[in-house]
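Chemist: Here is what each chain is made of, one letter per residue.
Protein chains: 4
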Amino acid sequence: MADYQPQKSDKFTFGLWTIQNTGRDPFGEPTRGPMTGLDVIAELGKRNVYSYEMHVEDLIPVTSSASEAEQIIREAKKRMTDYDIKCTNCGSNVFGHPAFKDGALTSHDPRVRQYTMQRYLWAIDVAEQLGCKLCNLWWGRDGAEVDIAKDPMEAVKRLREGLNYLQAYIDKQGYKNFRLAMEPKPNEPRGDIYMPTAGHGLALIATLNKPDNCGIVLELAHTRMAGLNAYHEVAQVLEVGKLAGIHLNSQKPLRYDQDLRFGAEDLKEIFLVVKLLEDSKWPGTRSFDAHAYRTADREEVWDFVNGSMRTYLILREKVQRFNADAEIQGLLKDLCGTQQPLSSHDQLKASPISPDELTKKKLHHEKIDQLLQEVLMGVR
Amino acid sequence: MADYQPQKSDKFTFGLWTIQNTGRDPFGEPTRGPMTGLDVIAELGKRNVYSYEMHVEDLIPVTSSASEAEQIIREAKKRMTDYDIKCTNCGSNVFGHPAFKDGALTSHDPRVRQYTMQRYLWAIDVAEQLGCKLCNLWWGRDGAEVDIAKDPMEAVKRLREGLNYLQAYIDKQGYKNFRLAMEPKPNEPRGDIYMPTAGHGLALIATLNKPDNCGIVLELAHTRMAGLNAYHEVAQVLEVGKLAGIHLNSQKPLRYDQDLRFGAEDLKEIFLVVKLLEDSKWPGTRSFDAHAYRTADREEVWDFVNGSMRTYLILREKVQRFNADAEIQGLLKDLCGTQQPLSSHDQLKASPISPDELTKKKLHHEKIDQLLQEVLMGVR
Amino acid sequence: MADYQPQKSDKFTFGLWTIQNTGRDPFGEPTRGPMTGLDVIAELGKRNVYSYEMHVEDLIPVTSSASEAEQIIREAKKRMTDYDIKCTNCGSNVFGHPAFKDGALTSHDPRVRQYTMQRYLWAIDVAEQLGCKLCNLWWGRDGAEVDIAKDPMEAVKRLREGLNYLQAYIDKQGYKNFRLAMEPKPNEPRGDIYMPTAGHGLALIATLNKPDNCGIVLELAHTRMAGLNAYHEVAQVLEVGKLAGIHLNSQKPLRYDQDLRFGAEDLKEIFLVVKLLEDSKWPGTRSFDAHAYRTADREEVWDFVNGSMRTYLILREKVQRFNADAEIQGLLKDLCGTQQPLSSHDQLKASPISPDELTKKKLHHEKIDQLLQEVLMGVR
Amino acid sequence: MADYQPQKSDKFTFGLWTIQNTGRDPFGEPTRGPMTGLDVIAELGKRNVYSYEMHVEDLIPVTSSASEAEQIIREAKKRMTDYDIKCTNCGSNVFGHPAFKDGALTSHDPRVRQYTMQRYLWAIDVAEQLGCKLCNLWWGRDGAEVDIAKDPMEAVKRLREGLNYLQAYIDKQGYKNFRLAMEPKPNEPRGDIYMPTAGHGLALIATLNKPDNCGIVLELAHTRMAGLNAYHEVAQVLEVGKLAGIHLNSQKPLRYDQDLRFGAEDLKEIFLVVKLLEDSKWPGTRSFDAHAYRTADREEVWDFVNGSMRTYLILREKVQRFNADAEIQGLLKDLCGTQQPLSSHDQLKASPISPDELTKKKLHHEKIDQLLQEVLMGVR
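These protein sequence lines map, in sequence, to chains V, S, G and R.
With our numbering applied, the first sequence covers 34 to 413.
With our numbering applied, the second sequence covers 34 to 413.
With our numbering applied, the third sequence covers 34 to 413.
With our numbering applied, the fourth sequence covers 34 to 413.
Chain V extracted, bound-state conformation (with noise of 0.2 Å):
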């Protein structure tokens, strides 16, 4: 069997945060202690990792004077270079302090939206200084439990304010092929948040000044969080290019977020999602944005790296062996049959076609789904 090394190649990704999570959680204290943010760049550097994302603030203390940030800097070049490492997604931790707590970008208090405007643009100068392009946006306080105290068309038009916003600095700062990207969530930490799918954050995109320079970081968990099937969401996104990033992790659907390593649930979903990434080449990092199980100590952390990796190489390997499987393709091909465009209005209107007649036609569907998990279980 293939031994499942990950290469630089692979292009994967980890957020500094998913290995500097202490497994605190709402009823417990932290299982494990902290890490630097350089230290992390380092160590996954060193496993071939392509790459690292953050919040400025995971690297960067938010109480850094000037010439620390700076110096933190240097230093995170320096290991970026020592261990062959980029960084490709640089965003803004906007929910954890309790200025945030009732929203950043569209709370009510516009000291607090020029706040948060402020962290995104340090995020924007700090991504440029370290050759990254994207900055994502997480607005994980932007929503609400009390619907009757935020009005939620004006909540939609904050976050395109916001968004616009940033977009301008962008054009004045004059930085090249620099991308804003969203990242939907349907809820927690609050009740409900605003954009809870994929499929609402393009509408709102839809709606910018420069729709063209925003797009999506989709993460599965959050898919399942709304009870959705992720194959479907990454599929529409990506078919009007707007897939920006990908966090690929597991959950299980419509409960508390998880977080969990990517292949820990969902086998069939997830090869699903691989699929789609590796047919359609799509030339994204392949990053994960979970943690390891709070029960996991510092050291055990890296197996939880090391897993998430292994698993998109296995399944890769499969993507590549079902599209080899000629009784498969065969089955699927009889399935999609001969393809036509639509006659014109007259023409069609002048056909009859008895409805009966088309229910004849075998679809193959429990054949083609037992092949399916027969080669994610291995057995052909």
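If you are wondering where the hints come from, they were derived from the structure by calculation, not from laboratory data.
Hints are supplied without guarantee of correctness; some may be wrong.
Treat identical chains as interchangeable: a pair holds within one or across any two.
Unchecked claim - In silico EDC-like pairs for lysine to aspartate or glutamate, Cα to Cα no more than 16 Å straight-line:
1. K190 to D142
2. K382 to D158
3. K301 to D72
4. K394 to D158
5. K394 to D142
6. K393 to D367
7. K205 to E161
8. K394 to D330
9. K209 to D184
10. K394 to E332
11. K44 to E311
12. K393 to E62
13. K205 to D379
14. K393 to D142
15. K110 to E76
16. K395 to D330
17. K243 to E194
18. K243 to E360
19. K395 to D142
20. K301 to D184
21. K394 to D245
22. K393 to E332
Using the hints, position chains S, G and R against chain V.
Modeler: Chains S, G and R only, in chain V's frame:
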């Protein structure tokens, strides 16, 4: 207390199918007899219902000859006049016949897609004859259980192609002010349906040849089947001017499609939706898409009709009361504070903000939410 | 690789209804023709299926005369001999007829409850004639949408009364080793069904006159419709010796009842269930309660049958492989450590324990879970 | 209108932890300061709260010396007298410390299980000193994400062993009328928690050495996190006399644990629960287990407290109104009809019943449900 009697001016609407429903379900036989579309039109009109919606097949059996169809349309017009009731939405049932078992617009079989378009052209023609200016598409069979057997990117393309084809027909025929709409639903009868939420629908519409001529018919229960917040979804659709219609009903979240009477569940969420429609003076019809419990007989179906309209009127009155409540409005005003635009980028970067300061403002959330619930319960 | 051909000794079972399913659903008409129970028995027997389950009405139309019924029973016995297939569960369909629209055992109407009991006595008599020793009750209509209209405490009493009444009949008739069972389901076709999970069912059974004679038939998809963990539910039922039967199938969590082929979803959870059944040497039949996709024709139903059995055999082999994997077993052994009973209360109070010390042990969770998934994917 | 002022006789209760909650969540830091248990006791007492519940650690820091602990207990008793407030439930926090990261009662490590029992013996001793006669166990860490790493049958045995061990201690100490209880929850903080619903809990209790001495504390939000019907769950627990306590709060179904103020969501379901408690004259305390929104400051926490109690009183009044409504009661009486016991088995078999006849009775469901909602909205 008010009497909550519906008036034509309230613009209430029911789908013919909601009354025609016989109580059949996956595990049991019908519990009440059928009813012709013509009879439903008359009975609704008598009850001060403003208009009806339909699938053309609800009114005209698909097996009707041309002259039979004409006869039914004539009779429908007569009843519309006699009982002062309009037709405000006419789509097609492209889900009931086995021919559609693997999809209508997205079927692999080009003949099925042709047949689907035939049905919709028919619906559009009949709509125009009846003075109806909206054709809403619900593509409940366009989805999958066996995801590997249908390319979801291809599916998006086919949905787009279908909508564009219909729009071209409307243009070609010169049907004035005629609009299309689509109605998203996450699942059932398919494991997953393409365009599962209003967000995904808006995103698709943005890519049509004539996006301005296609809107969303948003069904509250479909939002709740996806576990999302209906208030937020309605707001996002309204904010971009795309609310072509609303289907008012109730549903326990995240289970099979219940289509419960508007008001049977979740008073707070539907109050918020009514508030949004009323405060924004949205001009559309208030359409009820649900059906009587399977335990109701043919006669008791009218209890369902009456209850739906009464609940809307009760909630509308509560919206007025809420808006007139000085204490509540004072709290909301204090919460929202004084607004001001974002500073220029340069100014923003030059004005440090202390986040700790920003956390001190009282947000009144517990109080506001409690007062809302007390308005809703009629104790203030 | 193994050929995964089912043998009678594998004790596979299908419900007659699973094959008879015609593909009708709430939004569409049947997509395949009917099939008599007698023919299903023969066809299953030929495919090395060990036994069948049924509602008595699946085999004997409820309108049959006494002599017609006898004739069918005679013929069923003949086919059972000819094709070496047993009957291992016989209940009654007390959900299809409109009489049951507001419940069978819990109907307000005493005549409906009487009629329900008539059906069950009939089922028990037929079961006994066919050598079947289990009558499983699925009371899918015993629930509510309008909760205020049925006292749920009264409902519990009526379910208890019904089960006791049937048990008294079994005793009176002297049917040896004849057992009752109930099959919990959270909802659909009712908004909520009484005894929604195996836990609730066990709790009810504990209050019966003869609790030892009543068990649970646990359907995996029903557990998943409640969003619960099927592995945990099966384990709790097994641990108290109450697993009267298991219905193997698949389901996307928290949506309408899909009854997908065993193995169509969630390989990890069903692997765990197979492991539990095999490791505990549970002697019951492995029964598949699902149906072919609605897109399958009458012939393709057998792909569903074959796939269900193959998947079980594949997973059973994987259980053996998992149990034989030295690295995995070593990690599990280290995790579980050396066991010892709790000290006496006095000793316990006298021996202070430092909790900080207890956190240091490695738990290997990331590693163990990854290795399990690799066994499942056939790469180790 | 009534003033809905709470009285001691209303028997309202809050957990100390509900007030102590600082607003920390998985994504953000505390938004309000801490508060000592002693201060909470006093403040609750002043507001006419009847009693408080606690984890012993909420009152006595786990690091306290014996004399410090005694001092706190003395002071607590004084405040209880001064402010006329009792303690009615005292458990232990066996979920916060990292030692419990893989479970307390079900940890693989026998030392963790010993330590868990030490904590509970301490809680029981303190309870007895404070005149509290209930120790409720919430074993939030007893569950799994990596199911293969913990045998769920073994887990059931360990939960049983733990409960039996505590019961033996109560007996040994001769603590009169002292009862145990357990509080089920489906998930969070573990992927799945053992005994996910009240049903599973009842089933476990039935297998204890002294089942009569252990009950269920049922939290509404936990039922809703499992997507189940809280009215049905409370009813089943009440019907077997096992309702040891109730935790009143609100929650959007099937998402992260929100612990919203009682009345923040789903008025109909909580009305039904209040009706059940009041109509059955259940003598227990009405305990609120929730917390103020994270957006509330320390002072606004009391809005949460006041709102919770007001909503209960409003709903209690509505129950009286509903019970006194002649039209509603007439419909319910007609629906329920005249009751009669099941005939003997022989008689039953000898009396054919025509099911078609049984379907004709009107069930008034649409009407009854509508009237209930109108009572709830205060328009009748």
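Chemist: Work down the list of hints and note, for each, if the structure agrees.
Modeler: Comparing the hints with the structure gives:
1. For the identical chains of this complex, K190 and D142 are intra-copy neighbours only, at 15 Å inside a copy versus 42 Å across copies, given an alpha-carbon limit of 16 Å.
2. With identical chains, the CA atoms of K382 and D158 are at most 16 Å apart between copies only, with a shortest distance of 11 Å across copies and 59 Å within one.
3. When the C-alpha separation of K301 and D72 is checked against a cutoff of 16 Å, the pair qualifies neither within a copy, at 35 Å, nor between copies, at 35 Å.
4. Proximity of K394 and D158 under a CA criterion of 16 Å is satisfied in neither setting, with 59 Å inside one chain copy and 31 Å between copies.
5. Taking CA atoms no more than 16 Å apart as the test, K394 paired with D142 passes between copies only; the shortest distance there is 9 Å, against 61 Å inside one copy.
6. Taking identical chains as interchangeable, the C-alpha atoms of K393 and D367 lie at most 16 Å apart only when both belong to the same chain, with a minimum of 13 Å there against 51 Å between chains.
7. With identical chains, the CA atoms of K205 and E161 are at most 16 Å apart within one copy only, with a shortest distance of 14 Å there and 51 Å across copies.
8. Proximity of K394 and D330 under a CA criterion of 16 Å is satisfied inter-copy only: 9 Å between copies versus 56 Å inside one chain copy.
9. For the homomeric pair K209 and D184, neither the shortest alpha-carbon distance inside one copy (36 Å) nor that between copies (35 Å) is at most 16 Å.
10. Taking the closest pair of Cα atoms, K394 and E332 come within 16 Å of each other only across two copies (12 Å); inside a single copy the shortest separation is 56 Å, beyond that limit.
11. Only within a single protomer do K44 and E311 lie at most 16 Å apart by alpha-carbon distance; the minimum there is 12 Å, versus 41 Å between protomers.
12. For the identical chains of this complex, K393 and E62 are inter-copy neighbours only, at 15 Å across copies versus 61 Å inside a copy, given an alpha-carbon limit of 16 Å.
13. When the C-alpha separation of K205 and D379 is checked against a cutoff of 16 Å, the pair qualifies only between copies, where the shortest distance is 10 Å, while the shortest distance within a copy is 53 Å.
14. With identical chains, the CA atoms of K393 and D142 are at most 16 Å apart between copies only, with a shortest distance of 11 Å across copies and 62 Å within one.
15. In this assembly of identical chains, K110 and E76 lie within 16 Å of each other by CA distance solely inside one copy; the values are 14 Å within and 55 Å between copies.
16. Taking the closest pair of Cα atoms, K395 and D330 come within 16 Å of each other only across two copies (7 Å); inside a single copy the shortest separation is 53 Å, beyond that limit.
17. For the homomeric pair K243 and E194, the shortest alpha-carbon distance inside one copy (12 Å) is at most 16 Å, but the shortest distance between copies (26 Å) is not.
18. In this assembly of identical chains, K243 and E360 lie within 16 Å of each other by CA distance neither inside one copy nor across copies; the values are 46 Å within and 42 Å between.
19. Proximity of K395 to D142 under the C-alpha cut-off of 16 Å is restricted to the inter-copy arrangement: shortest distance 11 Å between copies versus 60 Å within a copy.
20. Proximity of K301 and D184 under a CA criterion of 16 Å is satisfied inter-copy only: 15 Å between copies versus 39 Å inside one chain copy.
21. Taking identical chains as interchangeable, the C-alpha atoms of K394 and D245 are never at most 16 Å apart, the minima being 42 Å within one chain and 38 Å between chains.
22. When the C-alpha separation of K393 and E332 is checked against a cutoff of 16 Å, the pair qualifies only between copies, where the shortest distance is 12 Å, while the shortest distance within a copy is 58 Å.
Hint compliance for this structure: hints 3, 4, 9, 18, 21 are broken, all remaining hints hold.
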